[in-house]
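Trainee: One-letter residues, chain by chain:
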Amino acid sequence: MLSEIRRNPLLILFFILGMVIVGYIIAALSHMLYSQLVLHPGEFIAVIKDPVVLQSIWLTLYTSFIGTVIAVILGIPLAYILARYDFHGKDIIEAIVDIPIIIPHTVAGIALFSLLMKRGAVGTAFSKLGIVFQDNMWGIVMAMFFVSCPFFVGTAREGFKSVNPNLERVARTLGASQWESFYQIALPLTFRHIFSGAIMSWARGISEFGAIIILAYYPMIASTLILARFNTNGLQGSQPIAVLLIMVCFVTFVVLRLISKRGAKR
Amino acid sequence: MIHVENVSNNWGEFSLKDISLNIKEDEYFIILGPTGAGKTLLLEIIAGLHFPKEGKVLIKGNDVTFLNPENRGLGFVYQDFALFPHLNVKKNIEYGLKLRKVAEDEREKKISELVNLLKIKHLLSRDVTTLSGGEKQKVALARALAINPKIILMDEPFSALDENTKSKLISDMKDLHSKGGITFVHVTHSQEEAILLADRIGIMMGGTIVQVGTPDDIFYKPITKEIARFVKIENIWEGKVKEKNQDEMTIDVNGKKVVALPDHFKVGDEVRLIIRPEDILLGKGNTSARNEFKGKVLSVVKHGFYYVVRINCGFEVEAAVTKQSIENLGIKEGKDINIFFKATALQVIKR
Chain V
1072 MLSEIRRNPL
1082 LILFFILGMV
1092 IVGYIIAALS
1102 HMLYSQLVLH
1112 PGEFIAVIKD
1122 PVVLQSIWLT
1132 LYTSFIGTVI
1142 AVILGIPLAY
1152 ILARYDFHGK
1162 DIIEAIVDIP
1172 IIIPHTVAGI
1182 ALFSLLMKRG
1192 AVGTAFSKLG
1202 IVFQDNMWGI
1212 VMAMFFVSCP
1222 FFVGTAREGF
1232 KSVNPNLERV
1242 ARTLGASQWE
1252 SFYQIALPLT
1262 FRHIFSGAIM
1272 SWARGISEFG
1282 AIIILAYYPM
1292 IASTLILARF
1302 NTNGLQGSQP
1312 IAVLLIMVCF
1322 VTFVVLRLIS
1332 KRGAKR
Chain G
104 MIHVENVSNN
114 WGEFSLKDIS
124 LNIKEDEYFI
134 ILGPTGAGKT
144 LLLEIIAGLH
154 FPKEGKVLIK
164 GNDVTFLNPE
174 NRGLGFVYQD
184 FALFPHLNVK
194 KNIEYGLKLR
204 KVAEDEREKK
214 ISELVNLLKI
224 KHLLSRDVTT
234 LSGGEKQKVA
244 LARALAINPK
254 IILMDEPFSA
264 LDENTKSKLI
274 SDMKDLHSKG
284 GITFVHVTHS
294 QEEAILLADR
304 IGIMMGGTIV
314 QVGTPDDIFY
324 KPITKEIARF
334 VKIENIWEGK
344 VKEKNQDEMT
354 IDVNGKKVVA
364 LPDHFKVGDE
374 VRLIIRPEDI
384 LLGKGNTSAR
394 NEFKGKVLSV
404 VKHGFYYVVR
414 INCGFEVEAA
424 VTKQSIENLG
434 IKEGKDINIF
444 FKATALQVIK
454 R
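Which chain is which? The protein sequence lines are V and G, in order.
Under our numbering, the first residue of the first sequence carries the number 1072, and numbering increases by one thereafter.
Under our numbering, the first residue of the second sequence carries the number 104, and numbering increases by one thereafter.
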């Protein structure tokens, strides 16, 4: 590889330009980690022991997890249909599914708020069932689900597309029902895509903020808490939480990537 | 065994038009046609993987038109093998048996029978993605055979294989068919496969079956100009019936008199004459052929192990000859030469 680079000036240029991106990300994160962990470790340790902070991080992780579970359950059938069948209006449905990616988060928040607030069209119906979204954990889940489902559906759809449809057809002729050919053939062969789609969806949920503060400022997820502490205590108060959040996310995703890779090897 | 009755379907690019077909028990039936003729769609309709818009499919007299594929008990083999990549060879073969809840010792017995038959015992624990094309196709065949199907449907089964592997598999298929008990329906665009394997051939063009017959019927007696072209016959001459008696009829082709066997045609009918290039003989005379014409060689083109010679003798004739004949007769462009062909070798069709 190295000898190839030396003889290829274009590759050298591309490498340098590419490294700007990587360097930018590393610089932002490492500077924060360095200043926190090395220069001000005391504040960081205090944060680790703060039950409010831990509670908010835990809330972030598990609301996003629930949002992802919903995305997986509802997204697999949609992804399968989009991958396998052509029909009128398919382009429109694909475009609709991608809308949450392109609209600003606060816009998503406003839209969800008007739909799900206590007096909203859907919010009213659900409040009769005892489920409240406005300033409630379920509001966080619904906001996270909204912004993250396109990532899951997109990845799962590519997964199903990569499975040769003749495999399911042969399974049918061998005696498999539609359901059996789906869960014995298509689903296991798409496992890796589904898993990585779920990871992306979960990560996207954790990173959501704009839509959540509009629909459910309370209970506070980590990002909301960081903003609240920043507004009252500045960088000193918010950075340690940010560092802790990054570390938790980073470790979790590395572990999940490893599991997904091992799953693919099997 | 399989009756297809007036099946029509429309799937955007591919449409089937009023297809009727009668495939007999134990027959090796080949559906032959150019790419895009709708062959795969027809096969998948027989398998139940698609349902036709109109018409019926009967298997052993039972109407199965809308029966799900899992309840038909047919084996299916695809061109791309369609082996389950997450299962090893053995698990691929036993997939259908497990769905049928066959007991483990029964399964083992069946698998060992099949791997001995197809000589793939050494592959059993292999990952299917590591197999060669020929091995994959044998595994796909074993998997289809495992469920004891009375019918095996094959979609271009040899098209993804190299020549040597293909000829070996073709002889394996012949052995398998000669054992009896299985009706084969094999879709291909390869005339070679059709000649080597078929009991009967159905020619499919433009979404419909245009001729059904034995390989001799198809390759020597095509019933339309298009089929003749598809089976590589360039000798298609237009003419008019001039005279007819009990023994022969004379057809005027560009002012020349060509003699053919008397058919249902009348004097004055406009006809086409079709003859295979292999049935045209070149030389100096002394044959029993009823047709003899003087001509001039237009071109000589090498075609693998034989030569195609084009001759103008009032109408254009294409003859397939061996290298030896070319040398013995000194055939080259511009040379005068006589051509002969038998009246019995001519296929006469309506224009």
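Hints are computed from structural coordinates only; laboratory data are not their basis.
A couple of the hints might just be wrong.
[Said to hold, decoys possible] Among the chain V residues that face chain G by a calculated CB cut under 10 Å, a handful are:
{"id": "1", "residue": "T1244"}
{"id": "2", "residue": "L1245"}
{"id": "3", "residue": "L1306"}
{"id": "4", "residue": "Q1307"}
Each residue gets a CB set at the ideal place from its N, CA and C atoms; glycine is no exception.
Trainee: Given L1306(V) as an interface hint, is the shortest Cβ-Cβ distance to chain G below 10 Å?
Mentor: violated, 51 Å
Trainee: Classify the hint on T1244(V) as holds or violated, based on whether any CB of chain G lies nearer than 10 Å to its CB.
Mentor: Holds. Min distance 4 Å.
Trainee: Hold the hint about L1245(V) up to the distance rule: shortest CB distance to chain G must be less than 10 Å.
Mentor: holds, 4 Å
Trainee: Holds or violated: is there a CB of chain G closer than 10 Å to the CB of Q1307(V)?
Mentor: Not OK, violated: Q1307(V) not within 10 Å of chain G, min 53 Å.
The structure shown violates the earlier hints numbered 3, 4.
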